[in-house]
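Start from chain A and add chain B according to the hints.
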Amino acid sequence: MNRQTLMAYLALASPLVLLTCFLVYPVVDVLGQGLFFGMGTPFYDVVASPVTQRTLIFTLYQATLSTALAVLLGLPGAFLIARLRFRGKSVIRAGMIVPFVLPPIVVVVGFLQMFGAYGLVDSLMMTITGSPVSVINLASGLPGIVLAHAFYNIPLVVLMVSASLERLNPEVEESAELLGASRLQMLRRIVLPHILPSLLASSVLTYLFCFTSFPIVLALGQGRYVTLEARIWYAFRYFDYGEASSLALIQILVTLSLAYSYVRLGRMRQQGIAPTSTMKQVGLRELSAAQIVLILAYLALLAFIVAGPIVAVVRASVYDPLTKSYSLDGFGNLLSAGTGGGLVPLINSVFYAAMSTLFAVTLGIPLAYAHRGSKNPTATLASTMTLLPLGVSAITLAYGLMRAIVVPLGLSANPWPVIVVAQTIIGLPFSARSIEIALRSIDPSLLDQADLLGASRLQKLFFVELPLLAPGILVGGVFAFAMAIGEMSATLFIALPQNVTLAVAIYQNLSVRKFVEAGAAALVLVLVCLIAFLAIDRMTGRASGGTL
Amino acid sequence: MSVRMELRGLEREFSDGTRVGPVDLVVDRGELVTLLGPSGSGKTTTLRMIAGFIRPQEGSLLFNGENVLTVPPRDRGIGMVFQSIALFPNMTVFQNIAFGLDMARWKHEDVVARVEEMSDMLRIRGLLHRHINEISGGEAQRVALARALAKQPRVLLLDEPLSSLDPQLREHLQMEIRRVQRSLAITTIYVTHDQTEAFAVSDRVAIMNEGKVVQIGPPEELYESPRNEFVARFLGSGNVFSGSVEEVHERTILVRVNEHQFEVHGQEQVGARVCFTVKPEDVVVARTVSSDAHPATVLSVIHQIGSHRLVLDLDGTQVVSLLTDSELVRQLSEPLGQRVALRFDPESAALVEPCNG
Numbered sequence: 001m002n003r004q005t006l007m008a009y010l011a012l013a014s015p016l017v018l019l020t021c022f023l024v025y026p027v028v029d030v031l032g033q034g035l036f037f038g039m040g041t042p043f044y045d046v047v048a049s050p051v052t053q054r055t056l057i058f059t060l061y062q063a064t065l066s067t068a069l070a071v072l073l074g075l076p077g078a079f080l081i082a083r084l085r086f087r088g089k090s091v092i093r094a095g096m097i098v099p100f101v102l103p104p105i106v107v108v109v110g111f112l113q114m115f116g117a118y119g120l121v122d123s124l125m126m127t128i129t130g131s132p133v134s135v136i137n138l139a140s141g142l143p144g145i146v147l148a149h150a151f152y153n154i155p156l157v158v159l160m161v162s163a164s165l166e167r168l169n170p171e172v173e174e175s176a177e178l179l180g181a182s183r184l185q186m187l188r189r190i191v192l193p194h195i196l197p198s199l200l201a202s203s204v205l206t207y208l209f210c211f212t213s214f215p216i217v218l219a220l221g222q223g224r225y226v227t228l229e230a231r232i233w234y235a236f237r238y239f240d241y242g243e244a245s246s247l248a249l250i251q252i253l254v255t256l257s258l259a260y261s262y263v264r265l266g267r268m269r270q271q272g273i274a275p276t277s278t279m280k281q282v283g284l285r286e287l288s289a290a291q292i293v294l295i296l297a298y299l300a301l302l303a304f305i306v307a308g309p310i311v312a313v314v315r316a317s318v319y320d321p322l323t324k325s326y327s328l329d330g331f332g333n334l335l336s337a338g339t340g341g342g343l344v345p346l347i348n349s350v351f352y353a354a355m356s357t358l359f360a361v362t363l364g365i366p367l368a369y370a371h372r373g374s375k376n377p378t379a380t381l382a383s384t385m386t387l388l389p390l391g392v393s394a395i396t397l398a399y400g401l402m403r404a405i406v407v408p409l410g411l412s413a414n415p416w417p418v419i420v421v422a423q424t425i426i427g428l429p430f431s432a433r434s435i436e437i438a439l440r441s442i443d444p445s446l447l448d449q450a451d452l453l454g455a456s457r458l459q460k461l462f463f464v465e466l467p468l469l470a471p472g473i474l475v476g477g478v479f480a481f482a483m484a485i486g487e488m489s490a491t492l493f494i495a496l497p498q499n500v501t502l503a504v505a506i507y508q509n510l511s512v513r514k515f516v517e518a519g520a521a522a523l524v525l526v527l528v529c530l531i532a533f534l535a536i537d538r539m540t541g542r543a544s545g546g547t548l
Numbered sequence: 001m002s003v004r005m006e007l008r009g010l011e012r013e014f015s016d017g018t019r020v021g022p023v024d025l026v027v028d029r030g031e032l033v034t035l036l037g038p039s040g041s042g043k044t045t046t047l048r049m050i051a052g053f054i055r056p057q058e059g060s061l062l063f064n065g066e067n068v069l070t071v072p073p074r075d076r077g078i079g080m081v082f083q084s085i086a087l088f089p090n091m092t093v094f095q096n097i098a099f100g101l102d103m104a105r106w107k108h109e110d111v112v113a114r115v116e117e118m119s120d121m122l123r124i125r126g127l128l129h130r131h132i133n134e135i136s137g138g139e140a141q142r143v144a145l146a147r148a149l150a151k152q153p154r155v156l157l158l159d160e161p162l163s164s165l166d167p168q169l170r171e172h173l174q175m176e177i178r179r180v181q182r183s184l185a186i187t188t189i190y191v192t193h194d195q196t197e198a199f200a201v202s203d204r205v206a207i208m209n210e211g212k213v214v215q216i217g218p219p220e221e222l223y224e225s226p227r228n229e230f231v232a233r234f235l236g237s238g239n240v241f242s243g244s245v246e247e248v249h250e251r252t253i254l255v256r257v258n259e260h261q262f263e264v265h266g267q268e269q270v271g272a273r274v275c276f277t278v279k280p281e282d283v284v285v286a287r288t289v290s291s292d293a294h295p296a297t298v299l300s301v302i303h304q305i306g307s308h309r310l311v312l313d314l315d316g317t318q319v320v321s322l323l324t325d326s327e328l329v330r331q332l333s334e335p336l337g338q339r340v341a342l343r344f345d346p347e348s349a350a351l352v353e354p355c356n357g
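Residue numbers (our numbering), protein chains in the order written: chain A, 1 to 548; chain B, 1 to 357.
In short, the hints are calculated from the structure, not lab data.
Mixed in with the good hints, there may be bad ones.
Claimed, not checked - Selected chain A positions facing chain B (in silico; Cβ < 10 Å):
id	residue
1	Q33
2	P170
3	V172
4	E173
5	A176
6	L178
7	L179
8	S182
9	R189
10	I190
11	P193
12	L196
To be verified - Sample of chain A residues lacking proximity to chain B, with all beta carbon distances greater than 12 Å (derived):
id	residue
13	G95
14	I252
15	L358
16	Q508
Stated by the list, open to error - From the derived model, a few chain B residues whose C-beta atoms are all more than 10 Å from chain A:
id	residue
17	L62
18	I78
19	N90
20	T92
21	V180
22	D194
23	G238
24	S242
25	S244
26	V270
27	P280
As the structure is a prediction and not an experimental result, all values here were calculated from the model.
No residue lacks a Cβ here, since even glycine has one placed at the ideal position from N, Cα and C.
Looking at chain A on its own, in the form it has when it is part of the complex (with noise of 0.2 Å):
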């Protein structure tokens, strides 16, 4: 073996040796601690429990009704942005990305002030109805929790399913219209097997993402509604290692055989699909009135749940619901240093994200490298590596590294470590993906022509490759950054008072009631995902829905 192979494995293997230590390692810990040396309840007993069981049963069944409302509501949306030709087109289909990089608590937020008590539809009714108290709460409970993921997931399916129905062939479809087959046949027979495993793979991710929802469960189930992710949390608070371990293991269990069948059918929608560059679509002129209607109607209802909570964040920064009067207390507390001041969570948030930004890059482009290579078994292993952060639920991984990591090394007075290793473990599936993709996309001729003007490896690396895939691992950054400033669930688990972000500290807020002071700092975070959704579609033209 050469000194240059020798290097490339080093550099392939380094992302590996990390991603075992920070996070197989001590996932595998909690679980084996937890299962055979178990403090707390054994991992039978927390089986048999009827507790575990109606919590695993309601997070099926909240993961089934959110992944229904979400594909009954995208699929329309889907077909217009495929079938359509309209003016701004591919801002809302790039704007379709905000809602997925929108942190979790952020929408909570957003969620609260639009359908929420004494929030904007509520406030609508009690005028209509004369009522002085409030009338309608939709942001609680299991509607609320539903509504929430529904509204993370509708992007998802409309940009998957839309990505598919446009690689169709029109001359399949005329064919089949040739052949005799009425529409009703048409969509049954052709254009439903066609989307078909995107659809599914949509509805997939979507049930992945709803089953290990946190925040949204955490702070709109309000304790009465539990799923398995928020039951290890409380395990955990109550020091019962074993339920904690126990229940973390059925998740995972799930989890997993969910990724895998995400990847599974991932790899069937490559297959036999070539991109066409013409697409049937019709134009505004060409519908009928009663097609607009319906039409005009469905956008209604998307801009209700989706983008009406994004607006409604910035009423949230400004309206108290207790006091029902207008504030701008919730800003200035961002710019105060002292404690429960938004400043100190402000700058850990950006310090965090940008750390975690600069390794999940730095792991993200020999990754991307060791999956493009075909099907041997680093690229396996390299493609199942980068996938296994989106099985693992935050809360595990949090829990795993505070037994593994933080207490053994005696990190426990100030884990700030550990909080940018997990946001670096979530954002990583997301850079490693953006690299790939733009890595995809460079011909290799272009590489065997630098070769056959004389380039050595070195000089293609830092003359071709890199700047080609400048734009990808840009793409991959802004990500991996949007990821981990939003993320809440893991930072939660470890942070001390001291390590608070703002994620963090808006969940905290809202629990104590300080609305303004979440809503401030909501905004901000919806300010910063807009920045990035901005400076990704400046990156990408169009393709940013690609990375999912």
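Chain B only, in chain A's frame:
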């Protein structure tokens, strides 16, 4: 079942300003007419107007004298093979061929019998239970043809069906298509930009340029007597000369092209600008200069099956000649740039209209 198809002044202008038509064309029962032309000449648009995917703004489309423009595509009785083949990827070969029959609610036994009949005719019986991604390009082509023909359409439309295949397979399938089309006697329009392909399969060829049919006729007629400059350049090897008439004789005229005088069959007034074309095989090349020949320089020699193609330079005009004399060609190839003499029989030169030279 077959129909006589008439296109009368079919015309469509697109929002970007491109215009196709008016197209006038008559295809007899069981006839195969090819639309041949460069890309962008409106061949595919014309085909899609016939299929009903593009609605023409003017004109009419008659099947046996009945206007079908208001009939939706699925009810026109059309079988079509697309350029991208467009087989249904989620189905087997059998299901693809049976699709139209299923849509028409045929009984299962009838469907099976018909699919087997079609697959025998196209020699794909062994593939029926394969998946679409398990068959080759040439096989896919046969399946697409079987699918288009299964429902016994009145008209068959083929949109560059062989463009994605390699030349040998293409030649083979041309013959297959011709055989099947003849045996079913189905009225067919075939679109291609490949002259050899058009000449190989067609009863008649319609040459299209800038949205219009510029000449239509049997292949040999088009080749022997191109009626205008475009057809001459597109079909021939580009031996088009332009000049002015100097003398008028009884059956011929004397045309001056730069420094050279050529005697050309035809009648025209003295002083008129004319263009004429000479087929490469009628250009005679000799190594010795004689009084009725014109001196030219050999630019290149290309060896083809059965002949050799000589590109000559006649004072700035390129002239192509086909030679069969291997000995002469050998002498001319080494070295290139030799001076030779070229001439042609006045009878073999044909005047073409319009003339932009």
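Now for the hints, and whether the structure bears them out:
1. The beta carbon of A/Q33 is not positioned within 10 Å of any beta carbon in chain B (closest approach about 49 Å), and the interface hint is therefore violated.
2. Interface hint status for A/P170: upheld, as the beta-carbon distance to the closest one in chain B is roughly 9 Å, under 10 Å.
3. Because the closest C-beta pair between A/V172 and chain B is about 5 Å apart, less than 10 Å, the hint holds.
4. Here the hint on A/E173 is kept, as its CB sits about 8 Å from the closest CB of chain B, short of 10 Å.
5. With a cut of 10 Å, the hint placing A/A176 at the interface with chain B holds, because the nearest CB-to-CB distance is about 7 Å.
6. Hint status for A/L178: holds, given a least beta-carbon distance of 5 Å to chain B, under 10 Å.
7. The beta carbon of A/L179 comes within 3 Å of a beta carbon in chain B, closer than 10 Å, and the hint placing it at the interface holds.
8. Look at A/S182: its Cβ gets to within about 8 Å of chain B, closer than 10 Å, so that hint holds up.
9. The closest approach between the C-beta of A/R189 and any C-beta of chain B is roughly 8 Å, which is under the 10 Å cut-off, so the hint is satisfied.
10. Interface hint status for A/I190: upheld, as the beta-carbon distance to the closest one in chain B is roughly 6 Å, under 10 Å.
11. Against a cut-off of 10 Å between C-beta atoms, the interface hint on A/P193 holds, since the closest Cβ of chain B lies about 4 Å away.
12. The beta carbon of A/L196 is positioned within 10 Å of a beta carbon in chain B (closest approach about 8 Å), and the interface hint is therefore held.
13. Once the 12 Å rule is applied to beta carbons, A/G95 is consistent with being away from chain B; the minimum gap is 28 Å.
14. Separation of A/I252 from chain B is adequate, the least Cβ-Cβ distance of about 34 Å exceeding the 12 Å criterion.
15. At roughly 43 Å, the least C-beta separation between A/L358 and chain B is larger than 12 Å, which holds for a residue marked as non-interface.
16. For A/Q508, the condition that its CB be more than 12 Å from all CB atoms of chain B holds, with the nearest at approximately 52 Å.
17. Once the 10 Å rule is applied to beta carbons, B/L62 is consistent with being away from chain A; the minimum gap is 19 Å.
18. Against the 10 Å criterion, B/I78 falls within the reach of chain A, whose nearest CB is about 6 Å from its own CB.
19. Distance check for B/N90 against chain A: the nearest CB is about 4 Å away, which does not clear 10 Å, and the non-interface claim fails.
20. The beta carbon of B/T92 is kept farther than 10 Å from every beta carbon of chain A, the shortest such distance being approximately 13 Å.
21. Look at B/V180: its CB is around 18 Å from the nearest CB on chain A, clear of 10 Å, so calling it non-interface holds up.
22. Non-interface call for B/D194 relative to chain A: holds, since the shortest CB-CB distance, roughly 20 Å, exceeds 10 Å.
23. Even its closest Cβ contact with chain A, about 32 Å, leaves B/G238 beyond 10 Å, as expected for a residue assigned away from the interface.
24. The claim that B/S242 is not at the interface with chain A holds, since no C-beta of that chain comes within 10 Å of its own (minimum 40 Å).
25. With a closest Cβ-Cβ approach of about 48 Å to chain A, B/S244 is found to remain outside the 10 Å limit, as its non-interface label requires.
26. The beta carbon of B/V270 is kept farther than 10 Å from every beta carbon of chain A, the shortest such distance being approximately 54 Å.
27. Non-interface status of B/P280 relative to chain A is upheld: no Cβ of that chain comes within 10 Å, the nearest being about 38 Å off.
Of the numbered hints given earlier, the model fails hints 1, 18, 19; all others are met.
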